[in-house]
Every structure is written in structure tokens, then in C-alpha cells.
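Chains as they are written, first to last, in the numbering used here: chain P, 1 to 241; chain S, 1 to 135.
FYI, nobody ran anything at the bench for these hints, they're computed from the structure.
Cut-off 20 Å, straight-line C-alpha distance, at most; resulting in silico cross-link-like pairs (SDA-like, lysine to any residue):
| id | chain 1 | residue 1 | chain 2 | residue 2 |
| --- | --- | --- | --- | --- |
| 1 | S | K83 | P | W117 |
| 2 | P | K207 | S | L79 |
| 3 | S | K61 | P | G145 |
| 4 | S | K83 | P | Q213 |
Chain P side only, calculated, beta carbon under 7 Å to chain S, not exhaustive:
| id | residue |
| --- | --- |
| 5 | P41 |
| 6 | Q112 |
| 7 | P181 |
Every residue gets a Cβ at the ideal spot worked out from N, C-alpha and C, and that includes glycine.
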Amino acid sequence: MKLYSKKAVVKALCFVCLCSSMQALADGRVVDKVYHPYVQPLEREFEYRYFYQRQADHPDNNTMGQKLGYGFSVAERAALEIYVIADRISPEDYKLTGYELELRWMLTEQGQYSADWGMLFELERQNNQDNYEFTTGLLMEKEFGPTSLTLNALAVYEWGQTLDAEWEGEFRAQYRYRWLPAVQPAIELYAGENYKGAGPSLMGVHKFDKQEQLKWELAVIVAIDNDTVDRTLRFALEYEF
Amino acid sequence: MKNIELKKRQLRKNSKKALPITALLLLTLPVVAEQSVFELRIKDHLFLPSVLYVPAGEKVKLLVLNQDPSPEEFESFSLNREKVILGKGKATLFVGPLQPGKYEFFGEYNPDSAQGVLIALPEAEWLQHKANHAY
Chain P
1 MKLYSKKAVV KALCFVCLCS SMQALADGRV VDKVYHPYVQ PLEREFEYRY
51 FYQRQADHPD NNTMGQKLGY GFSVAERAAL EIYVIADRIS PEDYKLTGYE
101 LELRWMLTEQ GQYSADWGML FELERQNNQD NYEFTTGLLM EKEFGPTSLT
151 LNALAVYEWG QTLDAEWEGE FRAQYRYRWL PAVQPAIELY AGENYKGAGP
201 SLMGVHKFDK QEQLKWELAV IVAIDNDTVD RTLRFALEYE F
Chain S
1 MKNIELKKRQ LRKNSKKALP ITALLLLTLP VVAEQSVFEL RIKDHLFLPS
51 VLYVPAGEKV KLLVLNQDPS PEEFESFSLN REKVILGKGK ATLFVGPLQP
101 GKYEFFGEYN PDSAQGVLIA LPEAEWLQHK ANHAY
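Modelling step: build the complete structure from the supplied sequences, incorporating the hints.
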């Protein structure tokens with residue numbers, strides 16, 4: 001019995017190729033969460049994200065970033081999240097660098113069409129520098145049997161005191177095997193300004209009690225070109241209640 | 001003559017550019033197919049029926065009606081679905097096409113009582129099931 005067509009796989013791959021071929025230019029952090037296009041009513045969560053970059057002779061060596069957020073659904077298909085961002089950019093010390101407001105909007109019901117769609121809107125303000133970054137784009141997910149392909153094609157507009165106003169592009173992809181709720185291996189791909197990387201990731205969910213669960217994600221992304229910092233570690237925790 | 005050649009070249013160039021756009025448009029096209037609709041009710045923190053038979057190999061629509069005043073979340077890892085249904089509300093879930101087999105689901109707000117299983121039957125068994133339950 002044929003449960004998903006080759007045509008659908010080809011369509012998804014075409015989308016990956018299309019997004020990868022777009023000019024990818026972004027000054028900010030490229031390795032971040034790969035967003036799923038789903039929102040639940042009554043959703044509430046605390047979120048922590050961490051990333052660390054390493055390559056001895058690279059300008060981004062020893063860069064470390066952390067994000068702490070609180071999110072909640074504001075409508076049946078829309079959720080808001082507010083973040084505080086702290087970064088350590090060598091040789092400077094760790095400091096609070098900015099704030100971010102994020103809106104996720106679920107466009108289609110899961111499984112209704114050949115792929116599920118959502119949109120992302122983010123506004124980030126960098127502390128003390130009066131710099132801003134607005135990000136928007138499409139979130140897509142498609143099931144292939146026990147696996148899921150998630151794609152984020154994002155456009156970023158930056159402006160401010162120490163930034164040239166410009167539009168940039170970012171692309172994130174995740175191909176996940178839904179093995180067990182607590183352990184789901186995946187492969188991730190990222191493309192942005194001076195960054196092209198891919199690598200393995202592992203994620204899962206642990207339920208504590210009614211409506212209480214902890215989601216975790218860990219990924220090691222390695223450079224796939226010479227401009228990209230060699231290794232990036234990404235870690236995220238989400239406590240939903 | 002020169003103009004015609006230039007126009008042809010331009011057309012060839014534009015058709016190459018159109019390829020990825022066409023690919024994106026194809027991907028966004030919804031797959032239109034007639035779907036069977038199955039009703040699932042939530043009452044007194046129980047799923048009714050607690051065993052739901054559906055045909056394997058085709059996409060089905062589950063209409064979940066929450067008759068309780070409190071919200072409930074339909075959750076199933078094997079179906080890869082989670083959906084909150086507000087108190088006295090309803091929600092539509094699209095599942096499948098499924099392999100023949102059993103797919104467990106539960107209510108996240110009342111996991112001890114709200115439990116159920118969706119059974120996807122192969123074509124012959126599904127036709128038999130339908131014939132037995134025809135009225």
C-alpha cells in the first residue's frame with residue numbers, strides 16, 4: 001500500500017533546492033531553533049536556548065549566546081513569545097544584549113493539505129546600540145511516514161546606529177525521525193550570511209504530569225564551507241504547562 | 001530576424017527562472033480528495049467511542065466534539081497529532097493515510113480516563129466492517 005507519493009517527496013526536495021539557491025545573507029546568529037508551523041490554544045511555556053561556536057582561528061571563536069523566553073497563545077492559531085538575550089563575544093564578557101518579540105501564526109491545520117504551513121514574525125532590539133532586526137518568513141512541515149521534514153525560509157531586515165539597513169535571507173531545515181517521544185534523531189541544515197552548516201541533532205519530550213512537559217533539543221552543526229565557523233553547539237529546553 | 005532570436009533567448013532565460021517558482025507553487029497546492037469524516041465525542045473525560053475504526057491507506061477527518069465544560073487535548077505520538085479542544089468546543093483533525101494497525105490516543109488533561117484507540121483496517125476488512133455496521 002502506498003502511503004506517501006514519490007511526487008510529494010520530489011516537491012519537498014524542490015522546495016529545499018529553491019530555498020538553498022536563494023542568496024543567503026544574514027549578520028545575526030544563523031543556527032537557532034527550526035520552527036514547526038503549529039500553535040495550540042491555551043499554550044504556555046518557558047524556553048531556554050543556548051549556542052556556542054568554536055574554531056581557534058575564526059573571528060566567531062568562543063562566541064556564546066543564551067536566550068530566555070516566555071510564550072503563550074493569544075488566539076487559537078497564534079502565539080507570542082518574549083525573550084531576553086545575552087551574548088558573549090570574545091574578547092568581551094558576557095552581557096545582556098537585547099530583547100525579542102516573536103509571533104507564530106499557524107496557517108493550515110496539521111495534515112489538511114499536502115504540507116502544513118505557518119508564518120513567523122520576530123522583532124529584536126539590540127541593547128545600547130539602537131539596532132533592530134525584523135525577521136519574517138514561512139514555516140513548513142511535511143510528514144513522510146514516521147519522519148517529518150521541517151523547513152524555515154526567512155527574510156531578515158536589519159537597521160540601526162551601527163548596522164547598514166539591508167534585507168537578508170536565512171534558511172533552516174530539519175529532517176526528524178519520530179522514533180520514541182523521548183528520543184527523536186534528526187539532521188539539521190542552516191544557511192545564512194557567512195554561514196553554511198549541517199549536522200546531527202537529537203530531541204525529545206518528557207511528560208511530567210497533566211499538561212506539563214519538557215521538550216529538549218541538542219545539535220552539533222559543522223561547517224560545510226570555508227567561511228563558516230567549524231563547530232556550533234545548539235541546545236534548547238522548553239517547559240510547557 | 002535578430003529581434004526574434006533575442007526574444008527566443010529571453011524566453012529560454014525566463015523559463016529557467018520560472019522552474020523553482022513553479023516547484024514552490026506545486027508544493028503549495030492543496031491535495032483535493034474526498035475524505036471520510038468520523039466523529040469522536042469527549043464526555044465526562046472519556047472518548048466516545050473509545051475504539052474508532054477507520055480505513056487504512058486514505059486520509060480521514062476526525063471531528064472531535066468536546067461536550068465537557070473543561071478543555072481537553074487529543075494527543076497521539078503514533079498519529080503525530082496534538083490538538084486542544086476548548087470546553088464545549090469542537091476541532092477537526094486530519095490523519096493518515098495510515099498503515100493498517102492500532103494507534104493509541106489520550107486526553108492530556110485527563111490521561112487516566114480519556115483514552116482511546118484508532119484502528120486502521122485494510123480495504124477488505126474495512127468493507128466488511130462497514131457492511132456489518134450499515135443501517
